Amino acid sequence: MCTVCGCSEGEARIEGHEHTHHPHGEKVHDYGAGPAHAHAPGLSQARMVQIEQDILGKNNEYAAANRRWFSERGVLALNLVSSPGSGKTTLLTRTIQDIKKDLALSVIEGDQQTANDAERIRKTGVKALQINTGKGCHLDGHMVGHALETLAPEDNSVLFIENVGNLVCPSAFDLGEAHKVVILSVTEGEDKPLKYPDMFHAADLMILNKIDLLPYLTFDTRECIDYARRVNPGIKVLQVSATTGEGLSSWYQWIKAAHQLAQIGG
Amino acid sequence: MHEMSLCESVLKCLQESAKTQNFKRVKTVWLEIGALSGVEIEALRFSFEVVVKDSLADRAKLEIIALPGEAWCMKCSATVIIEQRFDACPKCGSYQLQVTGGDEMKIKELEVE
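Protein chains in written order, with the working numbering: chain F, 1 to 266; chain Y, 1 to 113.
It is worth saying that the hints were derived from the structure and are not from the lab.
Please read all numbers here as calculations on a predicted model, not as lab measurements.
Where is the CB? At the ideal position from N, CA and C, for every residue including glycine.
One should not assume that every hint holds.
[Stated by the list, open to error] Derived CB-CB ranges, DEER-like:
| id | chain 1 | residue 1 | chain 2 | residue 2 | range |
| --- | --- | --- | --- | --- | --- |
| 1 | Y | Asn22 | F | Lys101 | 39 to 47 Å |
| 2 | F | Arg13 | Y | Thr100 | 24 to 32 Å |
| 3 | F | Gln50 | Y | Asp58 | 18 to 26 Å |
| 4 | F | Arg13 | Y | Lys53 | 21 to 29 Å |
| 5 | Y | Ala78 | F | Glu246 | 55 to 63 Å |
| 6 | Y | Asn22 | F | Pro233 | 46 to 54 Å |
| 7 | F | Gln260 | Y | Met74 | 23 to 31 Å |
| 8 | F | Lys101 | Y | Glu49 | 49 to 57 Å |
| 9 | F | Lys195 | Y | Met74 | 45 to 53 Å |
| 10 | F | Asn156 | Y | Asp58 | 44 to 52 Å |
| 11 | F | Gln253 | Y | Ala78 | 48 to 56 Å |
| 12 | Y | Ala78 | F | Gln263 | 39 to 47 Å |
| 13 | Y | Val50 | F | Gln50 | 40 to 48 Å |
[Unchecked claim] Okay, the calculated bits of chain F under chain Y, using three or more residues with CB under 8 Å as the criterion:
| id | region |
| --- | --- |
| 14 | 46-58 |
| 15 | 123-129 |
| 16 | 135-145 |
| 17 | 151-161 |
| 18 | 254-264 |
Chain F with its partners taken away, still in its complex shape (with noise of 0.2 Å):
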């Protein structure tokens, strides 16, 4: 672990950022040579630590700065999540085709290997940039920090954060975003919601996508949103399909209506 900007030695990658590590390890750790140290042979030291300290507390610190960094400039961060396979990308440049005139848009792509996300998106002429997880099955607030510094989102756009393909982790690490957007396609189980909760449950918008293809399936739609509702009452559900373009005007109104809202601030 790297204890000046808390880098981990992990396999994550950032496009264009060339991180230089600081020397770290164990033994540059020094412990300190306190009172404590002259004991007394047979004399037990332990003693009890209270540190009350959140386990996710250093990627909520990186998340906030995130967040301050969105809030200052006026940028709206959408944080995409799904399933591998959900269509998410086709979504994200089917969307971005049809509101770039709008609006400044960016995006950073998460996935474990290959850059073919980010190259999809650049093909829109937008700006994309990609992070490499790794190892890892989600990005974290520190991954997206770094990405903000290359990527550069320009004031008062929306940029969208299309995380790992994976319902399970990207639930927990915030990155600083406005909203999850949870993206389900009807091709997937109705009871994905009750399978995944936490998921569902950390997301203020789900995205049912592929409804062109619902004639030729047994997918139960108004189950699904009853089962989504169970496990986050709140949550807004939006059916759409990125193929055939029904009921994306709702979704870029939901987009509209989100970024307005960064612009005021606060």
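Position chain Y against the provided structure of chain F, taking the given hints into account.
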């Protein structure tokens, strides 16, 4: 869920506390884990052992303080205990519950020397 990263965060906190609180070794770690935190205790124990190996907390004992899941039932106007986020109110069966506690993941205290 991500017990390995959680243990890495715990170790990070221990290393920082070692400097501020002036200790060299951690013998026992007490963690408060809520029933709704999504943490799998067995996986946590396994990861902890691996993560703290050769660190200041090598072979430290891990003690878990389990906290119940709590929610406010809007129909009963009362706090009730739940096992999972999608549970119905054990009194009235309503799903209009607002989770109020049980998602804790906290390092409570340490035995150090």
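These are the hints, each one checked on the structure:
At roughly 59 Å, the beta-carbon separation of Asn22(Y) and Lys101(F) lies outside the given 39 to 47 Å, and the hint is violated. Checked against the hint of 24 to 32 Å, the pair Arg13(F) and Thr100(Y) fails, with Cβ atoms roughly 39 Å apart. At roughly 22 Å, the beta-carbon separation of Gln50(F) and Asp58(Y) lies within the given 18 to 26 Å, and the hint holds. Under the hint 21 to 29 Å, the C-beta atoms of Arg13(F) and Lys53(Y), about 25 Å apart, fit the expected range.
For Ala78(Y) and Glu246(F), the hinted distance range of 55 to 63 Å is not satisfied, since their beta carbons lie about 43 Å from each other. A beta carbon spacing of about 48 Å between Asn22(Y) and Pro233(F) agrees with the range 46 to 54 Å that was offered as a hint. Against the hinted window of 23 to 31 Å, the Cβ-Cβ separation of Gln260(F) and Met74(Y) comes to about 30 Å, which satisfies the hint. Range check, Lys101(F) to Glu49(Y): Cβ separation about 55 Å, and the 49 to 57 Å hint holds.
A hinted range of 45 to 53 Å for the beta carbons of Lys195(F) and Met74(Y) is inconsistent with their spacing of about 25 Å. At about 50 Å, the beta-carbon gap between Asn156(F) and Asp58(Y) stays in the expected band of 44 to 52 Å. Here the CB-CB span from Gln253(F) to Ala78(Y) is close to 38 Å, at odds with the stated 48 to 56 Å. Range check, Ala78(Y) to Gln263(F): about 40 Å between beta-carbon atoms, so the 39 to 47 Å window is met.
Range check, Val50(Y) to Gln50(F): Cβ separation about 26 Å, and the 40 to 48 Å hint is violated. Coverage of a stretch by a chain is defined here by at least three residues with a beta carbon nearer than 8 Å to that chain's beta carbons; for the region 46-58 of chain F and chain Y the count is 13, and the condition holds. As drawn, the region 123-129 of chain F meets chain Y at 0 residues by the rule of a beta-carbon pair under 8 Å; below three, the given contact is violated. Under the rule that three or more residues need a Cβ within less than 8 Å of chain Y, the assignment of the region 135-145 of chain F holds, with 4 such residues.
Counting residues of the region 151-161 of chain F whose beta-carbon sits less than 8 Å from any beta-carbon of chain Y gives 0, not enough to reach three: the coverage restraint is violated. Look at the region 254-264 of chain F against chain Y: 0 of its residues bring a Cβ nearer than 8 Å to a Cβ of that chain, fewer than three, so the hint is violated.
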